[in-house]
Amino acid sequence: MPIPTKVNADLTDIAVNKIDRNPENPRIFFRAAELETLLNSIRRHGVQVPISVYKEHGRYVLIDGERRWRCSLKLNKKTIPALVQDKPDALHNLLLMFNIHALREQWDLLTIALKLPRVISLLQDRLKKEPTEKDIAEETGLPRAAIRRSRFLMDMPQEYRDQLLTDLQKPKSQQQLSEDFFIELERALKTVERALPQALDSKDRARDILIEKYKTKVIPNLVDLRFIPKIARAFKVSADEQRAVSVLRKLFQPNNYSPKEAFEQSVSDAYTERDLIGRMVTLVERLEGLDFNSLDSEFRTSLRELLRRLTDLTAKLS
Amino acid sequence: MNFRVLPSQLHPTAEEVVRFFQNDRGISKFRIEESVSNDLDYRPTLQAATPEYYDFWIEVSETPYLRSLDGVVLYCMTNCLPVKLYVAFPSGSSSTEYKKCADEARTKGVGLLEVSPGKCTVIHEALLLSLSGVRSEERTQFPARYRSVLSTAEATFRTGDPAKGCALVYDDIEALSRRLVKKIQKNNWWTHSATGAPAFNADKDSWASVMDIIINRTNFNSLPKAAKKSLLIRVAALTDVRNDTGHKPKNRAARIKRDRELRTRFESAIDVLRDLVDALRPLRI
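Just so you know, the protein sequences line up as chains R and X, in that order. Here the first sequence stands for residues 1 to 318, numbered as in the numbering used here. Here the second sequence stands for residues 1 to 285, numbered as in the numbering used here.
Isolated chain R, as found in the complex:
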């Protein structure tokens, strides 16, 4: 059931002091630098867009506009323009938060990940079945990719979520670990777990070591983590699986061995071969489909020259 589109709301100025934050707002982080920008805007121009609230026990609860409300408090404003709506039920309230905030303000993925289990649980009660990714996407307004990425964080052990949370609380310039890092890490380890489980003695230990290697720049960037699933899927390129297991085991040890080195020492050649063959097949198929008589002379000359070079190269194969 989508969120009701018709909303009964009255626009009025209400006392800033009579407003409380919505306990269902999943947003954890309000970065000071962002608040400062909004603060300066409100100081200069006032609150231009009304916040949304509902009334409860003689006070108001925020639906939308927590940053505007916080800035108004900081600026010692007495009142703030607000749309006073009817009180929503628990699921509707939560879904409103997602639809209003997650789309417009680009929440941190961890923020979404921490609240998704509650959305799923409430949706399950309503739908009487486990909601699919499509159901969740429709109700929350989140792209399916964001839900999938959030799931990696949801599935992480609490200890690592706490590590991420600690880092996210720092100003952006000081954050060492990011959500993207953990998503790449989890994706890599999940692939190893599935495709080459014998390479992974302990997922937590591997996680700890890879985090440390990232912090100490042995893994210089996030993209290098993508070498790990490539090694784990050695069978796909008919590479030596024993070699892949050996380099992964070495990678999951405390040393200066990086995913890139592991890749180059195991499956790199196999991937290059597969890549070359694949390109050659595509090229040959395209050439076979050409009507040579219809080609102009300049193109034919160029093509002939390239084919001559290719013939010289293939002669070396024998």
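Source of the hints: derived by calculation from the structure; they are not laboratory data. Check before you lean on any hint, since a few could be wrong.
[To be verified] Pairwise CB distance ranges (calculated):
| hint | chain 1 | residue 1 | chain 2 | residue 2 | range |
| --- | --- | --- | --- | --- | --- |
| 1 | R | Gln48 | X | Asn243 | 50 to 58 Å |
| 2 | R | Pro143 | X | Asp24 | 50 to 58 Å |
| 3 | X | Asp24 | R | Asp208 | 36 to 44 Å |
| 4 | X | Gly118 | R | Arg226 | 34 to 42 Å |
| 5 | R | Asp208 | X | Gly118 | 21 to 29 Å |
| 6 | R | Val223 | X | Thr140 | 56 to 64 Å |
| 7 | R | Val223 | X | Ser116 | 29 to 37 Å |
| 8 | X | Gly118 | R | Glu130 | 41 to 49 Å |
These figures come from a predicted structure and were not determined experimentally. A virtual CB, placed ideally from N, CA and C, is assigned to each residue, including glycine.
Given the structure of chain R, go ahead and fit chain X onto it with the hints provided.
Same frame as chain R, but now just chain X:
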């Protein structure tokens, strides 16, 4: 502690600052994110009153200075509010950002507290904004012999001892007045009267008596043109307030009144000193 505005990641910083002020300054009652004045568009994260009738306002922030504090500093200076404003920030700010912000805070008299778990380091103390708003004088307008004292007087005033700051300037004006009366006596620049030249001790008589003799008995035609009677009356007026600066205020309103008066006195004393020095320059005293 129940914060409504402060981002959650800064709550531990605020709590550490409260502990610091309790242990280091004996301040136990803090108000959280409350209005300080209806006229001011700002609520400090924490505020506390001191027994000396000035307030601590503490802004807890990710960075050591925020542009939005400029208006707060200006408001306090303009309204002579006895406030010490601090910014408390978690340790680990990047070096360029830190230096820029720290310089800005220091220039504006805002104190800086760097907070790490279990530790709060005072990077520099806050100045009382009621006093630090005092006009800063261009010291090159004065002869070199006065500059050092003026510099000390201004620093003393700003850093919390305004009475002493004023006294340092008064001392210079008094010394100059006494050198003037000696010069007048030496050259017999008195008005003719039946009683003859006045009898006095230029070193030991009170400053007020000395000024009285200068104003009433000097032949002003003998003095440089700029050394007018009106200027010397301005100097004499300082002798009344000179000893009236050191009394401790009995409440916050009295503190504001006293700080405002001291600021005016300090600025006008500097003006008098500059005018007197300029007027008496030809006498080389």
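Quick rundown of the hints versus the structure:
Checked against the given bound of 50 to 58 Å, the beta carbons of Gln48/R and Asn243/X, roughly 57 Å apart, stay inside it. Here the CB-CB span from Pro143/R to Asp24/X is close to 51 Å, well matched to the stated 50 to 58 Å. In this structure the supplied range 36 to 44 Å holds for Asp24/X paired with Asp208/R, their Cβ-Cβ distance being about 39 Å. Distance hint for Gly118/X and Arg226/R: a CB-CB separation of about 40 Å, consistent with the stated range 34 to 42 Å.
Checked against the hint of 21 to 29 Å, the pair Asp208/R and Gly118/X passes, with Cβ atoms roughly 26 Å apart. Between Val223/R and Thr140/X the CB atoms are about 60 Å apart, so this pair conforms to the stated range of 56 to 64 Å. Between Val223/R and Ser116/X, the C-beta spacing of about 34 Å keeps the proposed range 29 to 37 Å intact. With their beta carbons about 46 Å apart, Gly118/X and Glu130/R fall inside the hinted range of 41 to 49 Å.
Violated hints for the displayed structure: none, as all numbered hints are satisfied.
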